[in-house]
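Asks: In my numbering, each number is its position in the sequence shown, counted from 1, plus 1.
Check before you lean on any hint, since a few could be wrong.
Derived Cβ-Cβ restraints for the label pairs, each shown as a range [stated by the list, open to error]:
#1 Phe165 <-> Arg189: 41 to 51 angstroms
#2 Leu39 <-> Ala206: 18 to 28 angstroms
#3 Tyr8 <-> Asn212: 22 to 32 angstroms
#4 Arg175 <-> His200: 35 to 45 angstroms
#5 Val100 <-> Pro196: 29 to 39 angstroms
#6 Val169 <-> Pro196: 25 to 35 angstroms
#7 Arg48 <-> Arg188: 21 to 31 angstroms
#8 Ala77 <-> Asn212: 27 to 37 angstroms
Pairs of lysine to any residue, SDA-like flavour, derived with a Cα cap of 25 angstroms [claimed, not checked]:
#9 Lys45 <-> Pro120
#10 Lys157 <-> Arg114
#11 Lys179 <-> Ala33
#12 Lys179 <-> Pro198
#13 Lys179 <-> Trp167
#14 Lys45 <-> Pro192
#15 Lys191 <-> Trp95
#16 Lys179 <-> Ile123
#17 Lys45 <-> Trp103
#18 Lys179 <-> Trp95
#19 Lys191 <-> Val87
#20 Lys108 <-> Met127
#21 Lys45 <-> Leu199
#22 Lys108 <-> Tyr173
#23 Lys157 <-> Pro78
#24 Lys179 <-> Ala105
#25 Lys179 <-> Val51
#26 Lys179 <-> Val87
#27 Lys108 <-> Val43
#28 Lys191 <-> Arg114
#29 Lys191 <-> Trp103
#30 Lys191 <-> Leu39
#31 Lys108 <-> Val51
By construction, these hints were calculated from the structure, which means they are not laboratory data. Even glycine gets a Cβ: it sits at the ideal position worked out from N, Cα and C.
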Amino acid sequence: MSAWLPYVGEPMNHGPLATFLMAFAISPGIPAVLALSLERRVMKGSREFVAFYYGDPLLAVAAAVGVTLSGASPQAPVLRFTAGPVPVILMACWLAFGVWQWNAELKAGTYTRTQAWSPTKIWHQMVVYPALGYVVTATTVAGMTAPAGAAGVGAKALMAGCLFVWVVANIYDRRHLKLGHPPYDWRRLKPAPQPWPLHSTTLQAHAQSHN
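Make a model of the complete structure from these sequences and hints.
Replies: Structure, rendered in structure tokens:
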């Protein structure tokens, strides 16, 4: 029996590189492909939220380090957090949070409805939260509870540092808005024509950055 959930946890059975590639693909890899193919834009660091562009790759590093420390089989006391009903419930909670945040941002005017239904936004709320949430949580718990010598202590510090930077980046992003997701027209399968009406705080921040 695997120590990880089926499908989403399968890369953890194949070591840290597979784990890193899986986490990186969830975000920012696939969002970058969606942005290029459907939203007709190339993601650049100066235009994206810091936590997404720089922070999510650090989460992939943390996940890979966690698997390096724990191996394919985490310690028995933490298996309930890596496989079985507990992580499934955790993923459901992450998904519920994604839906709640989606609605809250619409009500707060952070995004317009056409921004909220852009391909990258849908992926972020419906896939990144539950899938990456599980991968990072499970590998962090497994890695932090693994027995380790001096090198292991350094690896655990690296994991903690990656997570800390991601948290700080999220706090920074709350005060430094970016476009995040362009208004999207699904009937034409391309972004809505510009100029975009400044009906959200992210669109206003985007316009100000180009003045």
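Asks: Taking the earlier hints as the rules, which of them does this structure contradict?
Replies: 3, 4, 8, 10, 15, 19, 26 and 27
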